[in-house]
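Read off the chains here:
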Amino acid sequence: MLRWLTDATLADSIAGDLEAERRRRAMVSPWRATLWSWRSTLAVALYFAVSNLLGRLRDRRPAAIRFGGWRQDARHAMRSLRRAPWYASTVVAVIALSTALAATVFAIVDGVLFKPLTYADPAALYYVSGGFSSLPNAASVVSASLADTRAWAAAVPEVTMSTASIGTNVTISDNDYLRAAFVDRYFFDVVGVHPLLGGFSEADFGPAAKVQPAIVTYEVWQSRFGGAPDIIGRVLIDAGGEGARIVGVLPRGFVYPHPAGRVAPEALLAMRTPSAAVRNDPSRRGWQVIARLPHASSVSSIESRLRLAAREVGQQFPVTPDDPSASATRRITRGPFDVVRLRPLRDVLVAPTRMFALASFTVAAGLLLLGALNLAGLAAGRTLDRQRELTLRSALGGSTATLLRLLAVEHVIVVAIGTLLGLAIATLTLSGVTALLPVGILLLKTPAIDLRVAAFGLVAAVAAVTLVTIWSWRALRTRHLRPVLASSAGATARTRSPGRVVMMASQIAVALAMALGGALLSTSLLRVWHEDPGFAVDQTARIRINTPSTFPLEAQQELLDAVAHVPGVIAVAGLDEMFLERAVHGSTFDKPAGALETGDVENLSVTSGFFAAAGLAAVEGRLPTRDEFDRGRRVVIVSRQVAAAFWPGRSAVGNSLVNDGETFEVIGVVADIRHASLDRDSDGEIYSPNAMQARPELLNLLVRFDDDAVDPLPRVVNTLAIRFPNVKIVRAEMLADALGSSVQLRRFQAWLFGVFGGAALLVVGVGMLGTIAMSVARRTREVGVRMALGATSSGVAALILREQLPPVVSGIAAGALLSGWLVGFLKEYLYKMTAHDWMAWTSAIAVLVLVTMTAALVPALRASRVDPIKALRVD
Amino acid sequence: MPQDVPPLGEFEQMVLLAVLCAEKDGEAYGITVFDELTARTKRGVARGAVYMTLDRLEKKGLLSSYQTEPTAERGGRAKRCYQVTKPAMAALRESRRALLNLWEGLGAKSGI
Chain A
5 MLRWLTDATL
15 ADSIAGDLEA
25 ERRRRAMVSP
35 WRATLWSWRS
45 TLAVALYFAV
55 SNLLGRLRDR
65 RPAAIRFGGW
75 RQDARHAMRS
85 LRRAPWYAST
95 VVAVIALSTA
105 LAATVFAIVD
115 GVLFKPLTYA
125 DPAALYYVSG
135 GFSSLPNAAS
145 VVSASLADTR
155 AWAAAVPEVT
165 MSTASIGTNV
175 TISDNDYLRA
185 AFVDRYFFDV
195 VGVHPLLGGF
205 SEADFGPAAK
215 VQPAIVTYEV
225 WQSRFGGAPD
235 IIGRVLIDAG
245 GEGARIVGVL
255 PRGFVYPHPA
265 GRVAPEALLA
275 MRTPSAAVRN
285 DPSRRGWQVI
295 ARLPHASSVS
305 SIESRLRLAA
315 REVGQQFPVT
325 PDDPSASATR
335 RITRGPFDVV
345 RLRPLRDVLV
355 APTRMFALAS
365 FTVAAGLLLL
375 GALNLAGLAA
385 GRTLDRQREL
395 TLRSALGGST
405 ATLLRLLAVE
415 HVIVVAIGTL
425 LGLAIATLTL
435 SGVTALLPVG
445 ILLLKTPAID
455 LRVAAFGLVA
465 AVAAVTLVTI
475 WSWRALRTRH
485 LRPVLASSAG
495 ATARTRSPGR
505 VVMMASQIAV
515 ALAMALGGAL
525 LSTSLLRVWH
535 EDPGFAVDQT
545 ARIRINTPST
555 FPLEAQQELL
565 DAVAHVPGVI
575 AVAGLDEMFL
585 ERAVHGSTFD
595 KPAGALETGD
605 VENLSVTSGF
615 FAAAGLAAVE
625 GRLPTRDEFD
635 RGRRVVIVSR
645 QVAAAFWPGR
655 SAVGNSLVND
665 GETFEVIGVV
675 ADIRHASLDR
685 DSDGEIYSPN
695 AMQARPELLN
705 LLVRFDDDAV
715 DPLPRVVNTL
725 AIRFPNVKIV
735 RAEMLADALG
745 SSVQLRRFQA
755 WLFGVFGGAA
765 LLVVGVGMLG
775 TIAMSVARRT
785 REVGVRMALG
795 ATSSGVAALI
805 LREQLPPVVS
815 GIAAGALLSG
825 WLVGFLKEYL
835 YKMTAHDWMA
845 WTSAIAVLVL
855 VTMTAALVPA
865 LRASRVDPIK
875 ALRVD
Chain E
8 MPQDVPPLGE
18 FEQMVLLAVL
28 CAEKDGEAYG
38 ITVFDELTAR
48 TKRGVARGAV
58 YMTLDRLEKK
68 GLLSSYQTEP
78 TAERGGRAKR
88 CYQVTKPAMA
98 ALRESRRALL
108 NLWEGLGAKS
118 GI
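Sequence lines, in order, name chains A and E. If you want this note's numbering, it's the 1-based position in the first sequence plus 4. If you want this note's numbering, it's the 1-based position in the second sequence plus 7.
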């Protein structure tokens, strides 16, 4: 920052001085030292900025407006603001709060909404996907087969295409891996971005090998390998000799350009030539295609040529036997594509996040608007206070431009201080807010308070100053000397002007819309929290682990026994499944004849302790014995919904289910559970023995503790770490926290909109308080006269309160109309409720009325305590 | 006052004297000059004002500066140390002489 304000060597020496001083202070208190450093840097920068500005204005001062001059105006404005500390601090606080929140949100959503993609000529990049004309909107699917990609590339030779596939892992040690994606040899040419270090060679795309060449992201290079300069060539393998050879590092902030890869890969692997069976089977869809179109090529003409190619692939499609259990949609999507679509890459990448980003940005902009309206109202009131002084200046020869400049300088000072303070606060809060962001949100940019955010702050500040100056000028449009000098402080008529009503009503309308957004999303989150997950939450923990590639059943049992012997543990289970991680894999069990239509029934492979750990009791039949589930007998437990749908009107116990040709007996029925997330209704579960899987593994442990156990989870984690050093503990948390994480997006939305709604109420409350207090102060004499003529204190207070009714009522009416339209955009984020939920609407309106009436009541009570004798002596 | 000695403002005089004090104890740079000023004058001084004045005095030729080697405790940045130039010494002497003459003119019974 200092480099912008002075020469580089001086800026560096100042920064060095401040850093040395900070380190000295940090020995006493690190956080106080950081605070001191921020404050001092800001103070020095502000001093330089103001001095430079004043110096430049003095040098360029045109002869025509010498009245006072910029420098004198600035001094005058500073003196004048010092005399009105409440006004200055209120305005600075409102601008700082609005800017801090808005800049934080802008820093997060900038990549999705405004920033161009970081690929070369990104407008020429398209995402190629197949679809089915018989489905609504020709529903496009993300992935294509290699037969499709080959045919597409041959049909449009002038278009460069790259094929990739996401969702794999590459091992880097016995119990650690990196999320990875396979890319073909054209990938870097198509996106037009090349690795920062190294890269793939032609040989890397050869036959498959145990050690795979990998290009890691810059962030992985820094965080996992400490930015080691000798990273290229490092070989990272597990005990079985499988792993990765690092051949390159991606540039900083590189965004993987496939929508399927929203949980971004940490490494790119060279896509090896697959077997002929995979290459030639048009029904195996697992690859994503991006294309770089030549300039001036027609998208529709390329699409139609690709459609012809897709039809040729369709003719090679194997005839699959009609599966009566598959839905009509599924039968179509198992068939060949008859539509091919080209969609701009940017649209595809931002589509899942766009609505969320747009909604967040809209509330941020709303808060900025509210801040500006608020400032305009306060500044207009202040201009009225200064009417006498400004009219005198006018009478002494001050031109319109001179007076306007005088007002603008004061506004520039408060807005600049507020904006700088807001940006500084945003720098501190951004990392906290980013940590709350749900996993899997593709932002296309690492959130940071950078030059783009500073520019956003500047634009907002300039807009606020312009609006405020114009508005306060409106309040000053009559400048006849005699009436102003003749009157004392009486500006009663003007305080009730329609302009003031409009200004206050607009603030209330915007605040209502924002408060309502917060109320709706918070109510929605509360509804989710009130859902019963179906399993025991208290005193139960989930531990996500990575086991070595070879970890046989005996070792798994040994691990479960070790956990079971930790003091305080009353049950432990192993799952080869995601649990509360928003994952739904479905079931491979065949539906019995006569089964009713069901949703996505989930098959969970678990150990025998699962039912005790989850607190599930048999509602029919019995639970499995240890021998049945841990040694592998062909028995299953089903949940209520499965029992009711598969064997309608009769008992499920004693019936059998077939999976991959093997028959399993149903021995018991348990309650349905929300295994994917708290906000996803169960469609029914089938629990099968983990030991019966072809390759049983442990992905999660479910551990239930004694009710009296105090903070028992660390003991389990320590036991695992000491006794099983080759098992990596990825995450250990109590189920209450895991349930919270499972609705992370809802939690973030409710938090974001709740904070903005609260900030809007605070801003509107402070603004109204300031505006009414200033208006009441101007009317001291009038109040004195009224009281001298017999008005009571309560009568005066009631008068002031009554005067606030028109803006409050019209503001709430306008806000309700505005909100009625805006809440429509929130409906897809609401859980089992409508956007017109009366509870949320009533509470938002009630809180707003309470805030506005409190803001009006404080100055009203103050006015009612005016001593008429003193009041009549004013002026 | 000689023609080639520029007139000094009150704060400029204080900064020049603080540089001399700091030089006496070691190196005169931003932090030490600021510390000397605040400790000896018992006044609240804006850090930015000290840096700005040091820079202005250097441009006026009343201070000269040199840079030290960058160090780790300064975040890899160099230190800018200042020295008072001959014209500045002359200006300070002139200012002191003028002030002493004025005080002497008041005599012992001034009551101040």
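The hints are simulated quantities; they were obtained by calculation from the structure and are not laboratory data. Idealized CB from N, CA, C, for every residue including glycine. Incorrect hints may appear among the rest.
[To be verified] Derived Cβ-Cβ restraints for the label pairs, each shown as a range: (1) E/K93 <-> A/A124: 57 to 67 Å; (2) E/K93 <-> A/N56: 53 to 63 Å; (3) E/E76 <-> A/G257: 45 to 55 Å.
[As the list claims (entries may be wrong)] Residues from chain A that face chain E, not an exhaustive set, calculated with beta carbons under 10 Å: (4) D16; (5) S17; (6) V48; (7) Y51; (8) L564.
[What the hints assert, rightly or not] Some chain A residues near chain E, calculated using beta-carbon distances under 8 Å: (9) T13; (10) S44; (11) A47; (12) L50; (13) F52; (14) S55; (15) L57.
Status of the hint placing A/A47 at chain E (closest C-beta pair under 8 Å): holds (6 Å)
Status of the A/L564 interface restraint (C-beta, 10 Å, chain E): Nearest chain E Cβ about 51 Å off; hint violated.
Status of the A/D16 interface restraint (C-beta, 10 Å, chain E): holds (5 Å)
Hint status (Cβ of A/S44 to nearest Cβ of chain E, threshold 8 Å): holds (6 Å)
Residue hint A/S55, partner chain E, criterion CB-CB below 8 Å: holds (6 Å)
Status of the A/S17 interface restraint (C-beta, 10 Å, chain E): holds (4 Å)
Cut-off 8 Å, beta-carbon criterion: hint that A/L50 touches chain E: With a closest approach of 7 Å, the A/L50 hint holds.
Minimum beta-carbon distance criterion (8 Å), A/F52 to chain E: Hint on A/F52: holds, closest Cβ of chain E at ~6 Å, below 8 Å.
Whether the CB-CB distance between E/E76 and A/G257 falls inside 45 to 55 Å: violated (34 Å)
Cβ separation of E/K93 and A/N56, checked against the hinted range 53 to 63 Å: violated (30 Å)
Restraint outcome when A/L57 is required to lie within 8 Å of chain E by C-beta distance: violated (13 Å)
Status of the A/Y51 interface restraint (C-beta, 10 Å, chain E): Because about 3 Å separates A/Y51 from the closest Cβ in chain E, which is inside the 10 Å limit, the hint holds.
In summary, the structure is inconsistent with hints 2, 3, 8 and 15 from the numbered list given earlier, while agreeing with the others.
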